[in-house]
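Enquirer: Sequence:
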Amino acid sequence: MSSFPIMSLQYPVSSPAFSSPSVPRPLSTESRLPSIDKASLALHRALHHFRPVTEEYAETPYAEAFNWDELELPADEEREWYCVVFRSKRREGSDGGPLYEADKKAHEEAVSNGGLILYWYGTPHPVTGLNLATCIWQSRAHAAAANSRPHHIRAMRLAAASYERYELERHRLRKVKGETRLRIEPYDGGDVGW
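Read in order, the letters of the sequence shown are residues 0 to 193 in numbering that gives the first Met the number 0.
Don't read these hints as lab results, they were simulated from the structure.
Do not take every clue at face value.
What the hints assert, rightly or not - Label-pair ranges, simulated between beta-carbon atoms:
{"#": "1", "residue 1": "Asp-68", "residue 2": "Lys-37", "range": "30 to 36 Å"}
{"#": "2", "residue 1": "Asn-66", "residue 2": "Glu-166", "range": "20 to 26 Å"}
{"#": "3", "residue 1": "Asn-112", "residue 2": "Arg-169", "range": "16 to 22 Å"}
{"#": "4", "residue 1": "Asp-68", "residue 2": "Gly-92", "range": "36 to 42 Å"}
Unchecked claim - Within a straight-line C-alpha distance of at most 25 Å, the following computed PhoX-like cross-link-like pairs (lysine-lysine) qualify:
{"#": "5", "residue 1": "Lys-103", "residue 2": "Lys-88"}
{"#": "6", "residue 1": "Lys-37", "residue 2": "Lys-176"}
{"#": "7", "residue 1": "Lys-104", "residue 2": "Lys-88"}
In this text the structure is predicted, and so the values were computed from the model without any measurement.
Ideal Cβ positions, reconstructed from N, Cα and C, are used throughout, including at glycine.
Could you put together the complete structure from these sequences and hints?
Expert: Quick look at the structure:
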């Protein structure tokens, strides 16, 4: 297990081709990831290259919306991770400031408490207003624990008031031993991760 600083690593955000100067960008944090297993560290490093492959990523199936096929991990690793996808459309006229601040605090809380490998969010589509954010966790248990923490609860309450549309999806991200590519599968219940 190892620990490494996040401050030197930017969480991947939408490609400049899909970004808007009027939308707040996520900030890097001073947090450090707690202990992380070797396969999750390899995934974290591979995810520095994570990006959408279409401007329509908010409406595209999760397995097709991002460059999963370009991400490589060591062939000798075998692991699965838990993914949560948030598809949304902001309510017209809603104030994003408090929500972005609550989201930032929830992110810091999740990093500090362990298990979060990636938090990525895009920018609303210029025509439809649809957006997508995703979290990749070391395990489903880590994600469930984050749901009960104070900053996450506050962010969820603000999200409920700020969004016209808000849908959650869950997926299993799998790395099979002997392969270098990742597989995205629908979450079908049970534990994911360790």
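Enquirer: So which of those numbered hints doesn't the model satisfy?
Expert: Hint check: 1 fails alone, others pass.
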